[in-house]
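Asks: Below, each chain spelled out in residue letters.
Protein chains: 2
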Amino acid sequence: MFPKTNCLVAQSGGPTVAINASLAGVIEEALKCPKIDTIYGALNGILGVLEEKLINLSDTFSDDPEALSLLKTTPSMYLGSCRYKLSSVTEKDSDYLEIFKIFQKFNIKYFFYIGGNDSMDTVSKLSKYAKKINFDIQVIGIPKTIDNDLMHIDHTPGYGSAAKYIASSILEIAHDTYIYDLQTVTIVEIMGRNAGWLTAASALARNKYNTAPHLIYLPETPFSTQQFIKDVEKELSHRKQVIVAVSEGIKDSIGEYISAKSGQVDQFGHVMLSGTGKYLENLVKETLACKVRSIELNVLQRCATHISSLTDIEEACTLGKTSVSLALDGVTGEMVVLTRDSNSPYSVSYSSISIDEVANKEKLVPMNWITDGKNDITNEFMEYMMPLIHGEPTLLYKNGIPVYLPVDHLLNN
Amino acid sequence: MFPKTNCLVAQSGGPTVAINASLAGVIEEALKCPKIDTIYGALNGILGVLEEKLINLSDTFSDDPEALSLLKTTPSMYLGSCRYKLSSVTEKDSDYLEIFKIFQKFNIKYFFYIGGNDSMDTVSKLSKYAKKINFDIQVIGIPKTIDNDLMHIDHTPGYGSAAKYIASSILEIAHDTYIYDLQTVTIVEIMGRNAGWLTAASALARNKYNTAPHLIYLPETPFSTQQFIKDVEKELSHRKQVIVAVSEGIKDSIGEYISAKSGQVDQFGHVMLSGTGKYLENLVKETLACKVRSIELNVLQRCATHISSLTDIEEACTLGKTSVSLALDGVTGEMVVLTRDSNSPYSVSYSSISIDEVANKEKLVPMNWITDGKNDITNEFMEYMMPLIHGEPTLLYKNGIPVYLPVDHLLNN
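Line by line, the protein sequences are chains A and B. This note's numbering applies: residue 1 is where the first sequence begins, and numbers increase by one. This note's numbering applies: residue 1 is where the second sequence begins, and numbers increase by one.
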């Protein structure tokens with residue numbers, strides 16, 4: 001007979017459509033494990049631990065496999081999120097004292113934190129503090145971010161689904177654009193402040209008849225508005241409808257965001273930040289005589305489960321399960337990762353890596369995956385992305401709307 | 001043996017995800033009909049007739065049932081579109097002479113025009129001209145518009161799919177919004193310059209746990225920015241995350257578009273029109289101390305076949321088929337319509353109506369379907385919309401992206 005101990009799981013950072021699949025993986029594996037008695041979830045990330053907002057996930061899911069299955073395809077974060085950075089323990093240790101008091105009170109021996117690079121900083125700090133005070137707990141990070149900017153992992157859960165949404169939407173926008181016998185420029189603004197992984201995914205929309213997007217601009221290379229206008233003019237010289245995919249985070253040669261340059265003034269006379277797409281729309285309007293439209297894909301690229309990647313959902317779930325196995329094996333202060341073993345047929349394997357190799361670091365698109373003209377991506381990049389958007393999860397629909405797991409507990413807390 | 005005659009079909013106005021299903025219905029029915037020899041399609045609407053840009057649809061589809069099936073779930077317009085209004089024949093008859101020369105040349109006895117109220121004006125004019133010159137042709141209008149603003153039809157093809165996209169997206173945005181333990185206001189701008197049918201569809205996102213959108217503003221009633229701020233404040237007094245659905249076309253009490261009021265100035269010092277959502281975002285930011293975001297659903301609400309309504313696609317197809325049967329029965333100068341016979345179980349029947357009852361007219365949301373507070377819709381309106389978004393067509397995917405029918409012919413014309 002094992003001594004009964006409990007585990008705790010929380011989610012942090014921005015939403016993805018795969019982060020709940022990782023949570024479901026943790027729950028599914030922990031439910032099977034005789035060493036773990038109760039699975040707790042903290043609401044709103046580490047803040048929920050500090051404020052003792054814990055819910056009993058064993059009660060919710062142990063007798064309800066349908067709910068657990070539904071969790072895998074529910075967008076955003078079932079446990080809610082936070083953007084809270086722990087101070088270093090030398091600056092202020094009150095948070096640590098409070099968190100470990102809760103760990104003690106609930107007999108938490110395993111803590112799983114699902115998040116991006118900021119959240120991995122929390123995993124790093126808590127695992128180090130536990131060692132320092134000799135507290136018996138395994139702290140494991142589970143990666144997620146649509147931005148795909150974590151180091152030492154082939155790609156991050158959430159990225160494949162966002163990429164699929166972006167590529168499918170670009171293809172549909174192309175069909176929408178091709179119908180008029182007019183010169184038009186359509187600019188699609190895609191998320192990514194520093195890394196261009198998401199914007200690059202627009203290229204997956206290309207097929208035998210669709211060559212859009214015709215221009216792709218990532219934040220990894222300096223953006224020149226003059227060169228941009230030249231590029232658009234060149235495209236317009238041999239096709240009627242030009243579609244441009246652009247990262248929200250493109251910057252000029254001195255590193256200033258293009259979106260910050262518009263200097264728009266609102267009705268109160270205050271300078272406003274417009275979107276990058278809107279800025280470029282106005283620029284094309286002023287410079288070239290043709291119809292222009294900008295489209296901001298906005299938050300749907302991170303929450304549109306209705307067009308998500310089965311590969312992404314399954315990998316996110318397996319990473320959750322793997323984290324439980326590793327924690328039971330005594331691993332702590334690590335993040336679970338996946339490595340691509342083969343591209344064709346696509347296969348990955350799962351392991352873990354020291355959290356300090358990941359926390360607070362950022363993986364950008366390699367320069368040799370961007371074409372010399374700085375307005376497109378290479379075939380190698382295409383091959384990297386293609387397997388990540390494969391497969392469609394089966395979604396339930398009720399009255400014509402996708403069915404997701406209710407999140408009342410977030411609304412009433 | 002019937003004398004062999006030909007038919008012509010074209011599409012006009014803005015795209016929907018169901019307009020190709022109507023085209024497929026026309027083709028499917030006309031292929032079966034011994035009276036019709038060749039089915040021609042004009043590219044870019046009536047302009048394609050004027051410029052003799054006709055393609056042979058019998059060749060493309062008669063031996064390829066898979067292509068015909070794929071056409072039903074291909075977004076936007078396979079034949080392209082135009083925004084071209086025929087002059088009245090008394091002002092300028094050259095267009096009429098040209099069009100009927102083409103009808104004569106290709107032995108066109110049936111002309112089907114799929115479009116919204118402007119396109120129905122073309123149907124009206126051509127059918128009248130044919131009678132005037134005693135030209136033997138049946139001219140039939142087939143309705144489509146995401147705006148649902150055509151008279152004498154229960155609802156328009158294209159509306160149900162757009163409504164489904166809007167409602168599903170609002171639900172996903174709600175999941176995205178609920179995760180932070182913060183006061184936030186999210187404003188979703190939805191298409192509709194004069195009619196609020198699309199914005200009202202946001203209410204279909206509501207379910208047992210999701211009460212969003214919490215406020216809905218349609219263009220049918222005057223919009224007061226002061227009342228809007230009061231409404232938002234009231235919502236914020238009892239919930240953390242407030243989600244607002246607003247028509248792009250809301251106007252103040254003197255009929256001026258709210259989007260025109262922002263008076264933003266671009267980098268060249270020119271006044272710009274921002275979106276309605278962006279205007280309200282800035283207003284809330286200046287007035288209330290909370291996080292605000294605006295989201296413009298933009299063209300995806302009219303082209304996102306990846307989440308379309310099977311009911312909508314099937315009805316659009318049946319309207320196409322019906323138009324062929326009616327034309328063969330000698331009907332001309334009419335638009336095919338559907339009438340709701342029962343709401344539960346939902347059933348409709350198909351007939352036609354004189355084109356002059358429809359052309360250049362606009363159906364707004366009835367005032368008694370808007371609540372007294374002018375910030376929500378009634379249950380009666382909900383019951384009207386609910387059956388229209390039912391069912392999901394089976395889409396093919398290849399390499400993770402929906403497969404649509406190629407439109408090379410639009411790109412190379």
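None of these hints come from the bench; they were simulated from the model. One thing to keep in mind: the hints can contain errors.
[As the list claims (entries may be wrong)] In silico DSS-like cross-links for lysine-lysine, where the CA-CA straight-line distance does not exceed 25 Å:
hint, chain 1, residue 1, chain 2, residue 2
1, B, 291, A, 53
2, A, 285, B, 291
3, A, 85, B, 261
4, B, 291, A, 240
[Said to hold, decoys possible] Calculated Cβ distances over 10 Å to all of chain B for the following chain A residues:
hint, residue
5, 34
6, 43
7, 89
8, 101
9, 209
10, 222
11, 295
12, 331
13, 356
14, 384
15, 401
16, 408
Quick reminder that beta carbons are idealized off the backbone N, C-alpha and C, glycines included.
Asks: Starting from the hint list further up, note which numbers the structure goes against and sort them upward.
Replies: Numbers 2, 3, 4, 6, 9, 11, 15, 16, in rising order.
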